[in-house]
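Each residue of the sequence shown is one higher than the one before, counting from 3 in my numbering.
You can take every hint at face value.
Cut-off 25 Å, straight-line C-alpha distance, at most; resulting in silico cross-link-like pairs (DMTMM-like, lysine to aspartate or glutamate):
| id | residue 1 | residue 2 |
| --- | --- | --- |
| 1 | Lys276 | Glu252 |
| 2 | Lys276 | Glu292 |
| 3 | Lys276 | Glu313 |
| 4 | Lys276 | Asp183 |
| 5 | Lys276 | Asp235 |
| 6 | Lys276 | Asp298 |
| 7 | Lys276 | Glu325 |
| 8 | Lys276 | Glu294 |
| 9 | Lys276 | Asp326 |
| 10 | Lys276 | Asp332 |
| 11 | Lys276 | Asp335 |
Keep in mind that the hints were calculated from the coordinates and are not lab data.
Bear in mind that the values here come from a model prediction, so they are computed numbers and not experimental data.
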Amino acid sequence: MLFLASMLGLIAVGGVAMTADFSTDEDETDKSQDTTSEDTAGQTAPETEGDTPNLLHFVTNDADQILSGDDQDNQIQGGTGNDQINGYDGDDTISGGQGNDDLHGSTGQDTLFGSDGNDTLHGEDGQDTISGDAGDDMMFGHNDDDLLLGGDGDDQMFGGDGNDTLHGGTGDDALHGGLGDDTLSGGAGQDTLFGGAGDDVLSGVVTEADTTASDLEGSAQSDQDFLNGGAGDDTIIAGEGDIVTGGSGEDSVVLGDWLSDGEAVEVVDFETGKDQLLMVCDLENNPDPEIEIQADETSPGVSHIFVDGTEIAVVHSRSPLVEDDIVLMDHADGGTFGLAMVS
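Using the sequences plus the hints, can you model the full thing?
Okay, structure coming up:
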């Protein structure tokens, strides 16, 4: 199934750990690189002979710098001030350092690290990897298929064009997929996810990689997230207490036994006969779960979903919910997100 393949990629993102390495290997430099190092006074160090120029900027004081690369594969590192760094052409690696920095990858497959501070990062053209790190960051993938990682802080992330992957990390984040078939995972905190156009995958479930033993101990419990698929046929994996809006298209809302200990999910725009609820259960240990649909006594069009006597979802629809709207799945089939995200 397509959405299962998408979820495998989403789960892998939860475990991504990125660090910026600006050290220069002497052997590699001798063989293939011209290295230019600028200090804060703009002085240029001697260049080594080689075939492929590689511009290195090292900034050591707290002044606000404007640093620019060239058409080669550059490594550029900001200092303690509020820097603006432009990679331009080439596959660049850029780190803002301390301060509130403005980073632009431009063309090429760039890697951007915000580091400390409230940074603004633009991948622009090319398949870029953008990591906000600490602080309340704003990240823009722009064109092509980009990977955006929020890190700590309350981040705002915009995928733009292409099939992007956005992972909020910790903090109360806002993720916008934009165009393309995007994969969005909020992580820990109260997050808001907008799929936008395309067939998107959205997850409000917290993975073990999003938490530490000192906070959630790898459980699926999370703050209430707001998940909006937008246009397209979206797959939305709901965590405890999440508010789900499918939007237009034929959407699948994934529920499961990870919801049994918390607040029920609320699905606000379910279209019977068009959308579907995918119920993921451990059928090996519980081969015959009791799934019950109860109509709300006071609100027509509202149905309450129970699994083995526990309410896990409240579904709003124009027509009464029926059994055919619910598809039962085993962890072995759809349960990569059931088992890996909930332990």
